[in-house]
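Number of protein chains: 2
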Amino acid sequence: MTHVKNILFIMADQLRWDYLGCYGHPHLDTPNIDRLAAKGVRFDRAYVQSPVCGPSRASCYTGRTVFSHGATWNRVPLPIGELTLGDYLRPQGVRTAVVGKTHMMPDTEGMARLGLSRDTEIGIKISQPGFDPYERDDGLHPTQLLRNKGGTLSYNDWLREQGYEGENPWNDYANAAQGPGGELLSGWHLKNSNLPARVKEEHSETAYMTMRAKEFIEEAGDTPWLCHLSFIKPHWPYMAPAPYHNMYGSETFLPVMRSDEERTDPNPVYGAFMGMEVSETFSMAGARETVLPAYMGLIKQIDDHLGRLFDWLEESGKDKETMIVFTSDHGDYMGDHWMGEKELFHECSVRVPLIVVDPRVQADATRGTSTEALVEAIDLVPTFLEVTGAPSAEHRLEGRSLMALLHGETPKGWRDAVFSEIDYGFYAARETLDVAPSDARGYMIRTDKWKYVHFKGFPPQLFDLQNDAEEFHDFGRDPDYDLVRRDMESKLLDRLINRKNRVTMTDEVVRGAGLSGKSSGVLIGVWGE
Amino acid sequence: MTHVKNILFIMADQLRWDYLGCYGHPHLDTPNIDRLAAKGVRFDRAYVQSPVCGPSRASCYTGRTVFSHGATWNRVPLPIGELTLGDYLRPQGVRTAVVGKTHMMPDTEGMARLGLSRDTEIGIKISQPGFDPYERDDGLHPTQLLRNKGGTLSYNDWLREQGYEGENPWNDYANAAQGPGGELLSGWHLKNSNLPARVKEEHSETAYMTMRAKEFIEEAGDTPWLCHLSFIKPHWPYMAPAPYHNMYGSETFLPVMRSDEERTDPNPVYGAFMGMEVSETFSMAGARETVLPAYMGLIKQIDDHLGRLFDWLEESGKDKETMIVFTSDHGDYMGDHWMGEKELFHECSVRVPLIVVDPRVQADATRGTSTEALVEAIDLVPTFLEVTGAPSAEHRLEGRSLMALLHGETPKGWRDAVFSEIDYGFYAARETLDVAPSDARGYMIRTDKWKYVHFKGFPPQLFDLQNDAEEFHDFGRDPDYDLVRRDMESKLLDRLINRKNRVTMTDEVVRGAGLSGKSSGVLIGVWGE
Chain F
1 MTHVKNILFI MADQLRWDYL GCYGHPHLDT PNIDRLAAKG VRFDRAYVQS
51 PVCGPSRASC YTGRTVFSHG ATWNRVPLPI GELTLGDYLR PQGVRTAVVG
101 KTHMMPDTEG MARLGLSRDT EIGIKISQPG FDPYERDDGL HPTQLLRNKG
151 GTLSYNDWLR EQGYEGENPW NDYANAAQGP GGELLSGWHL KNSNLPARVK
201 EEHSETAYMT MRAKEFIEEA GDTPWLCHLS FIKPHWPYMA PAPYHNMYGS
251 ETFLPVMRSD EERTDPNPVY GAFMGMEVSE TFSMAGARET VLPAYMGLIK
301 QIDDHLGRLF DWLEESGKDK ETMIVFTSDH GDYMGDHWMG EKELFHECSV
351 RVPLIVVDPR VQADATRGTS TEALVEAIDL VPTFLEVTGA PSAEHRLEGR
401 SLMALLHGET PKGWRDAVFS EIDYGFYAAR ETLDVAPSDA RGYMIRTDKW
451 KYVHFKGFPP QLFDLQNDAE EFHDFGRDPD YDLVRRDMES KLLDRLINRK
501 NRVTMTDEVV RGAGLSGKSS GVLIGVWGE
Chain D
1 MTHVKNILFI MADQLRWDYL GCYGHPHLDT PNIDRLAAKG VRFDRAYVQS
51 PVCGPSRASC YTGRTVFSHG ATWNRVPLPI GELTLGDYLR PQGVRTAVVG
101 KTHMMPDTEG MARLGLSRDT EIGIKISQPG FDPYERDDGL HPTQLLRNKG
151 GTLSYNDWLR EQGYEGENPW NDYANAAQGP GGELLSGWHL KNSNLPARVK
201 EEHSETAYMT MRAKEFIEEA GDTPWLCHLS FIKPHWPYMA PAPYHNMYGS
251 ETFLPVMRSD EERTDPNPVY GAFMGMEVSE TFSMAGARET VLPAYMGLIK
301 QIDDHLGRLF DWLEESGKDK ETMIVFTSDH GDYMGDHWMG EKELFHECSV
351 RVPLIVVDPR VQADATRGTS TEALVEAIDL VPTFLEVTGA PSAEHRLEGR
401 SLMALLHGET PKGWRDAVFS EIDYGFYAAR ETLDVAPSDA RGYMIRTDKW
451 KYVHFKGFPP QLFDLQNDAE EFHDFGRDPD YDLVRRDMES KLLDRLINRK
501 NRVTMTDEVV RGAGLSGKSS GVLIGVWGE
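Residue numbers (the UniProt record's numbering), protein chains in the order written: chain F, 1 to 529; chain D, 1 to 529.
Everything labelled a hint here was simulated from the structure, so no lab data went into it. Among these hints, one or two may not hold up.
In this list, chains with the same sequence are indistinguishable; a pair is considered to hold if it fits within one copy or across any two.
[As the list claims (entries may be wrong)] Result set (DSBU-like, lysine-lysine): computed pairs, CA atoms no more than 30 Å apart in a straight line: (1) Lys456 x Lys412; (2) Lys191 x Lys300; (3) Lys320 x Lys191; (4) Lys449 x Lys149; (5) Lys191 x Lys449; (6) Lys214 x Lys412.
None of these values were measured; they are calculated from a predicted model.
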C-alpha cells in the first residue's frame, strides 16, 4: 500500500461535537466540513483525553494520556522527555508546521538543568513543542500579557500592514467592537458577544491562519509535510466579524440541556464547578442568547475558509496525496448542565467532532460513512505514523491507529470504553472543595451504556447513557448501582495500568533482551557447566 | 532544629529483611548493623517499590514509584526528565557520590535527541544518574561484557596494584575459586558457592568499596556530603572469600518456607516464575545448602567492614553530624516458595531491612526502638531533603519523609498500605505466559492484614498475613473473598491515582496560578465591566 504523503491536521478550538451540519445541527450549515465527511469517515463517538485546551492538545501531539505526558493543564510545561508528532515525523523527512494554537509551554526548568538554551535549534523545537515553528499563535493577547512576552506578534504585524494601527491591533480590532460613541467594547466581556468585531472578516484570525496554512503548503512544495492548522476559534473571546456576528438568531439555537434535578444535591465536584463565575454567567437568562450568535458565526466562518482551502487543494491535486483530519480539542458547555466553558465530562464538553479523509483507494469503501467505534484523541498519532510509514512506537503511544477503521476493516479487540481525565487544581472549584493541588483529579470511563466519573476523595458520578442521554440523572451515590460502579472502577484500573511508562526502551528490545543475558556471560540460576 | 550535615546511605544488594541479628536471625550475628539499630530506628515493615535491582534503586534515588520514573527494569534507561538525589542536593552545596552499584542506565536516546554528549559535565551526571561520579561499579563483570564496555574497571586496576594479574582479575579472583588441579571454578556456577574466592578478604569487593567510601568522606572534608555506599553483595555470584565462605553450616540456616500446596494449581504468573531455571535450581535438594553459607558469609563480611567504618566515624566525630541509613534493594527467595532470585511479592523478596540513625537530639527518644509503620523506599528522598533542609518537591515525590517517625511523633494520616510493582517483560515467565511486553505487569498492595497482587490479564493473588504469615494459601481465586479483593483493588486504584505526574510545575505555582489570570488581562466568564 502506498503511504500518505501529506497530512493536513485541522483543529478548531472549543468546538462542540454537535455544532456542525454533518453531525446533525439543524440550522448551522457547514457544507465544506460536511464535504470532508462525505469524502472520509465521520467518527460519532470521539473523545478528548482531557476537556481542557493544553492537556488535550498535548495528547493529540504525543499520543499519550494526560497523566502520562504530564502537561496536565494549560500552563503546565510538557516535560522535556516527551516526544511529539514533530519528533516522530521529522526523521521520515516530513516537515511538521504549526499554524495557530498549540497551548504548549516549554519545560524551561528541564532545559536549564540540561544546559539547553531556548534560542538554539533544539531549544526552539522543544518549545513548539517538537514541531517546526511556522506561525505559532495561541490567540489570547491582552496588551499586558503581550508586553510581558516581548510585545511581538506576527498577526499584529500583518494587521498593521493592512492599515490597522496601534500597539496591539489584536486587542483593538480583532477582539473589540465599537460603541455608539466610538468607544471600544471588549470581546473579553460576554455581553458584547453579539456585536461585530472591528476587524474586517478578511483580516480576522481565522482568515489569517487559513492564509498562512496555504502559504506553508505552497512553500513545502514537494517535501512531505504535516500542517497543523489550529484555529483559535470558536474559542472565547466570542467575537465574530461581520457578517458572521448576526447570522444566527434564537430560532437556530439547539435547546439548552439542563434540568433542575441537576442542582438538587449535586455531586460535590460538579456542584463546585456549577458555582464558578463562568457557570453562573452562562446560567443567567440572556447569556446564551448573546453568545451563541457569535459562537455559531465563528464556526460558519471557519467552514467558509476551509471551503476555499479545500477547493485549492483539489485544484492543485494535492488532495490526492493528503490525509485531512478535522477535529476539536474539547467542546463548550454553553449553559448546558448549568455550566460555562468545559473541564467536566458531560458529552458537550468531552466529546468532539472527528472526520478523517484518507485519500488512498483502500479508503474508497468508507467514504461518506460514519462509525460508532469508541475513539480517542490519542489514536491520531499512531494513525499518522502508520499512514506515512513511520516506525510505530508502541512502547510510548497509548492509542491505536484508526487506519483499519478508515479502510472498512474491523480491528480485533477494539476498546469497549473511552477514557478522559482532568487536573482541576487551577480552578476556583478546587478552593471551594478545599483540596490540595495534587488531589484535584477526575477520571472518566465511558462505555456503550455507562459514563462513570471517579473523583479523588469525592463520590463518583454515574450516568446511564442509554436511558438518559441528557445526563441529568446521577446514580453516583445510589446504593442500587454499587455493582455497576465497581465494574466501572475495574475498567478505570485497567486504563491506568495500560499507561505506557517504559518509554526509554522499545517492546522489540524487551523481547530481544532476555533475562539472563547468557551471551554477555551473566548467568542466573545455573548450577554448573 | 539544626539540619543534618551529611548522609551515609548504605545499601546492601539482595539482602533479605530477616538475615540480620537485629531482625531476629538466630544464628547470623551482625553486631555492627545491630549497633546501628541500637542508635536509631529499626523499620520492621519496609518495602521496596519493585523487587528487582534497577527499578528499586531508581525509586530510592528519584523518590518515585517505578511506573512514574520509568526505569521499569534493570536495563531500562532512567528517562532524561527524571531528577535524582544528586539533582536535589547539589543546589544545597551537598556533594553526592556513588560508591558501588546503582544499576542505572543513561537515557542515551533522549540525550541524543537533545544534542547532549555523555562526555560533558551534564552528560556524566545524567549517566550516574544525577549523582557525582566517584566509584561507580555495578559488580557484574564477565570478561566479554567488560570488553564491550571498553575493558576498564577501577577495581581491576586496584587488584592489579595488589598483585593480582590478568585481563580481568575480578573474574579470575573475586568471582572464582580454585579446583584441586588449580583450575578456576567460577562463581557463576552455583555449585561452587561454598568454595572460597581466590581473592583475599582484604581485597574483596566489600573491602574495596568500604575503603573507597572512607576515602570519599575524607576527601569531602568539611563540605556536606551524601555518600551512597552501595555494596554489590550478598547479591550473586554467591562467592565469599575465606574465612567467610564456611562460617555457617546447615544448623544455622533458617528453615525453608515452602509448601506442596503452593505447587497445586498455582496462580498462573507465580506458576510461570516457579518454572524458570533459577527457581528449579533453588528447589533442588542441596542447592540452599551450597549457597547459604556464601550468602550468610557475605552478610557477615559486610557487617565486619561496616563495624570498622562506624568506629572511624565515631572516632572522628563525624557520626554526630551524619545520618546513617542501612537498607537493601530487595530480598532473595533462596528456595522459599519454590523460587530463586526475587521479582515476585512474597515477604522474603519485597520486604527489606531499613535502619535509620538521625544524629540529632530530637531523635534521642527513639534510639534503639522499632516501628511497624508501613514504609516504602520512596520515603527516603523526602527524608533526606527534609533533614538537610533542602526544599521539598511534593509535586514529584511520591513518598513521605520519615522524620516524624524518627523523632517519635505520630504523623497524621500515615499510609495504611504499601505498594510495589513489577515489569516482568524481560523474564522467561512472560514467554511462558505468552503476553506482550507491555502486558507483563504486576502490582502489590499490602495492608496490615492482606496482601493483594494484581496481575494484568491474570487472576490475582491474595494472602491473609495475619493467619498465614508464611503466605502459603492463596485466596486470589476463592469466590468467598470477592469483597476483599474488590476493596484491595480500590486501594490499588487509589495508589495509581496518587502517582505524581505533573512534574514540571510545583504545587505552590498551581495554588498561585489561579484560573482566569485576571492580572494578565485574560477574563473568563465575565459578563461586563
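Checked hints:
| no. | hint | result |
| --- | --- | --- |
| 1 | Lys456 x Lys412 | between (33 Å within a copy, 19 Å between copies) |
| 2 | Lys191 x Lys300 | within (21 Å within a copy, 79 Å between copies) |
| 3 | Lys320 x Lys191 | neither (45 Å within a copy, 69 Å between copies) |
| 4 | Lys449 x Lys149 | neither (47 Å within a copy, 56 Å between copies) |
| 5 | Lys191 x Lys449 | neither (39 Å within a copy, 60 Å between copies) |
| 6 | Lys214 x Lys412 | neither (38 Å within a copy, 60 Å between copies) |
When each numbered hint is compared with the structure, violations occur for hints 3, 4, 5 and 6.
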